[in-house]
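A.B. asks: For reference, the chains in residue letters:
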Amino acid sequence: MPAPPPLPASASAPRAGARAAGTWLAAAAVALLALFPVLVARPYPLHMGVVLFLAVLEAAAWNLVGGIAGQYSVGHAVYFGAGAYAAVMLLERLGIAPWWGIWAAALCAVLLGLVVGTITLRLRGPYFVLASIAAAEVARLAVLHFRAFTHGAQGFVVAEPPVLRLPGLSLTFDGKRPFYYLTLALAVLAVAVNRAVLRSRLGYQLLAVREDQDAAHSLGIRLSLVKNQALAISAALTGVAGAVFAGYSRFIDPDTVFSLTDVSVPMVLYCLAGGAGTVEGPVVGALLLVPVSEALRNPRGLVSLGLLPAGSGVVGFVERHLSQAHQLVYGVLLVLIVLFAPEGVAGLLRRLLRRSRARPRPAPPPA
Amino acid sequence: MALLEIRHLSKFFGGLAANADVSFSVERGTIVGLVGPNGAGKTTLFDCVTGFHRPDRGEVRFRGIRINGLSPARVCRLGLARTWQKVRPLARLSVLDNVVVGALTRTRRVEAARDLAREELRVVGLSDRAGVAAGTLPVGERKKLELARALATGPELLLVDEVLGGLNPTESEEVVEVLLALRASGLTLLVIEHDMRAIMRISDRVVVLDSGEKLAEGTPAEVVEDREVVAAYLGEP
Amino acid sequence: MRSWAGVPAPAGRGETGMILFLQSLLSGVLMGGVYALVGIGLTLVFGVMRIVNFAHGELVMLGMYLAWFLFTRLGWDPYLSLVVVAPALFLWGALLQAAVVGRALHALPENQMLLTIGLGLAMSNAAMLAFTADYRILTTSYSSSGLQVLGLSVSEPMLAAFLVAVGVTAGLYLFLLRTDTGRAIRATAQDREAAQLMGIDVRRMSLVAFGLGAALAGTAGALVSPTYYIYPQVGGAFTLKAFVIVVLGGMGSVVGATLGGLLVGVTESLAAVYVASDLKELVVYSLFLLVLVARPSGLLGKARA
Chain A
42 MPAPPPLPAS ASAPRAGARA AGTWLAAAAV ALLALFPVLV ARPYPLHMGV VLFLAVLEAA
102 AWNLVGGIAG QYSVGHAVYF GAGAYAAVML LERLGIAPWW GIWAAALCAV LLGLVVGTIT
162 LRLRGPYFVL ASIAAAEVAR LAVLHFRAFT HGAQGFVVAE PPVLRLPGLS LTFDGKRPFY
222 YLTLALAVLA VAVNRAVLRS RLGYQLLAVR EDQDAAHSLG IRLSLVKNQA LAISAALTGV
282 AGAVFAGYSR FIDPDTVFSL TDVSVPMVLY CLAGGAGTVE GPVVGALLLV PVSEALRNPR
342 GLVSLGLLPA GSGVVGFVER HLSQAHQLVY GVLLVLIVLF APEGVAGLLR RLLRRSRARP
402 RPAPPPA
Chain B
2 MALLEIRHLS KFFGGLAANA DVSFSVERGT IVGLVGPNGA GKTTLFDCVT GFHRPDRGEV
62 RFRGIRINGL SPARVCRLGL ARTWQKVRPL ARLSVLDNVV VGALTRTRRV EAARDLAREE
122 LRVVGLSDRA GVAAGTLPVG ERKKLELARA LATGPELLLV DEVLGGLNPT ESEEVVEVLL
182 ALRASGLTLL VIEHDMRAIM RISDRVVVLD SGEKLAEGTP AEVVEDREVV AAYLGEP
Chain C
24 MRSWAGVPAP AGRGETGMIL FLQSLLSGVL MGGVYALVGI GLTLVFGVMR IVNFAHGELV
84 MLGMYLAWFL FTRLGWDPYL SLVVVAPALF LWGALLQAAV VGRALHALPE NQMLLTIGLG
144 LAMSNAAMLA FTADYRILTT SYSSSGLQVL GLSVSEPMLA AFLVAVGVTA GLYLFLLRTD
204 TGRAIRATAQ DREAAQLMGI DVRRMSLVAF GLGAALAGTA GALVSPTYYI YPQVGGAFTL
264 KAFVIVVLGG MGSVVGATLG GLLVGVTESL AAVYVASDLK ELVVYSLFLL VLVARPSGLL
324 GKARA
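Which chain is which? The protein sequence lines are A, B and C, in order. Each number in the numbering used here corresponds to the 1-based position in the first sequence with 41 added. Each number in the numbering used here corresponds to the 1-based position in the second sequence with 1 added. Each number in the numbering used here corresponds to the 1-based position in the third sequence with 23 added.
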């Protein structure tokens, strides 16, 4: 197989000036997003926010293993589902509030990640992809089967989270606003984790593993160790996403939270579309694709946003014919991205920017 | 005690002996050349020494420690680094970052690693290419990068696999100078090469392999005279 | 006595126990013959093109729908409709290869896999849009009849499917061993560059291989259509099982896929009886993961992927 086309130098250490500007921009964006619910109190935009931030969280989680370490897991739903079920079952059966449930979900997902990682991370290429899909399927089938424990195909209806009492304040989790802030915070956390990892020793080593595993090995990098580290962090974040999803949508069942097409694939797709292995990739990808899939799944939302006139024929048409079409769109997009933009939108833009900035390179100094 | 001792090393693939009962040593501070026709088992030997293959028989001792059967990462961290016959740049990383990866085996701090990396780039003469994506480099620079990256891990012994292949005379000369400078600074090298003039020039001792077996061993002058070696195939001058 | 999954275990030892075992073994073999077709299709594609086709199960699904369509609209028996299904899927596979998959030859292997996953998603959801998610069934006159063979009862459609599958497999072996194209395909699978140097048109071989793989998958789909629920997402399980088969038998090995298919069929059948019917696939996948732990390149595979 010929080598992939090289990306611009150093995906891992951008120049200091660009870095600082990027950080200020991101901080400003986050501040604006935090102000948004104060200005706009309608539920649907807040719902879109939650969906979007969850998507960023998941994509950023996958990015650690898939984008940076180059291990394309297509079975990350196993951590999502494990986190969801862990949090929900702790709430329903032991009365443990979601505030602790989320931590338990993360822990559960990490432990599961270590098990799955031990089995799968020593595998190369298609074997790894396959094993990751098989692991998620095993989890889904197991949860379906052990009805007494997990309610099987019926799923869990999640009770409203109890009031969180902290010294000086108590938070109720009704309505969308608290979830908006929670998911925003988690999305920011996940992106920050990506940034931190990319600059760290672990990040360099993961990138090396991604580029050439044998070379990395010969340079003293312990393959299992670093891959499992990435997977542990990734699994924890994904598990938390699952737990929050459970609390927000108030209903989980195995086919939803362990789904290949609705959980595992979108995580990969968002990351790839934005640019796998970069900090901004997961964000860009989610920003581009979530609105599309939401519009297809829920065209009435477009009406409530004022983008479509009420009673528009488009709504009816989409509802009748295209309600499941978001998966079709995912499929087509995957094909198009691989064929025409494998480095994602971020990579495409970078290529275009470089071309517009091109100037002749100075001749190398004499030997 | 020699820095590297290979004793009765044998490696079989199916019924074929890629290495058959090979024994020799590499003394500290010297350059040992490893030569022989294609298919003689030279790279397989490297793979056995660095942990990419497990020898079927025999043992390898580095600083007195038995290293056959250890993982490549462990071998590297013990102080034994290698370059690859078919260069393996970390294509989408910059030249500097490639070397930083190596340096991070020596130190845990990224800033310190970057300083070490810049130093190694200076040693091989790639300082002005630090920001370039490694995958875009021409072959000569890729080979230098490979050297710098392996050096960054801070080895006591460096295994060099056909680093001169595909280089023009100027580049060849540059790399040979680097190898000599490395020896002068106290590094030990085991060098696989087809370029016999270079081998004659830099090696303190030469080991000749043919069809998996050690054919001869001695100083460059001795080996060149050895009838069996001459008969087998000495490689291009 | 209850088995650990809470399902009543088979009624103990002696003759009844033996008969039950042989029964499930036999139905496992019958299903395994059809699985083998699916696995061979996948392994051919990998062998020739070094591409891992995650949309393979969707090709099976298309075969099922096509057989159902021909049955409900034209009254054609599924085994006879093979005459149409196989060539149709062959053409479709060749088209996919020419238009999409063949353009991704220079992409990273991981991205190639994602491309085929995308194709699979597109196909299954196109089927959903066209046929809705309703389960379809294809009931022939013999769909639920059984035969007695050596004291064991055998489902007639499954027996017929198995026999046809054996015939197709035999035909395929003949094709690969005796015809020029077949030999060219094997040469390309062994060493693509050498084959090119020998004058073999490797692009044409890729078209043939992908078409053949699709035809085999579609055939398998048509063969099981009298006994399966037909719905757009049915391909997923076939893809995963096909992979298990191919990995067990060694990527690129037709013989390995044949044996692997039988192994998976038997395992699944025995698991359905002795563990729990809704855990049968879980058992197959779990065993598969265990095999990968012990032998990362499968039971019969070579050391390199």
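Misleading hints may appear alongside valid ones.
One side only, chain C facing chain A, incomplete, derived with CB under 10 Å [as the list claims (entries may be wrong)]:
id	residue
1	Leu195
2	Tyr196
3	Val316
Derived list of chain C stretches under chain A, where covered just means 3 residues or more per stretch with a C-beta under 8 Å from a C-beta of chain A [stated by the list, open to error]:
id	segment
4	130 to 142
5	253 to 266
Where chain A lies over chain C, by a calculated footprint (3+ residues, C-beta under 8 Å) [what the hints assert, rightly or not]:
id	segment
6	145 to 157
7	220 to 231
8	284 to 292
Hints were generated in silico from the structure; no laboratory data involved. All residues carry an ideal CB built from backbone N, CA and C; glycine is no exception.
A.B. asks: Compare the structure with each hint and give your call.
C.D. replies: For each hint, the structure was consulted:
{"no.": "1", "hint": "Leu195", "verdict": "23 Å, violated"}
{"no.": "2", "hint": "Tyr196", "verdict": "25 Å, violated"}
{"no.": "3", "hint": "Val316", "verdict": "5 Å, holds"}
{"no.": "4", "hint": "130 to 142", "verdict": "holds (count 12)"}
{"no.": "5", "hint": "253 to 266", "verdict": "holds (count 3)"}
{"no.": "6", "hint": "145 to 157", "verdict": "holds (count 8)"}
{"no.": "7", "hint": "220 to 231", "verdict": "violated (count 0)"}
{"no.": "8", "hint": "284 to 292", "verdict": "violated (count 0)"}
The structure fails to meet hints 1, 2, 7, 8 from the earlier list, while all remaining hints are met.
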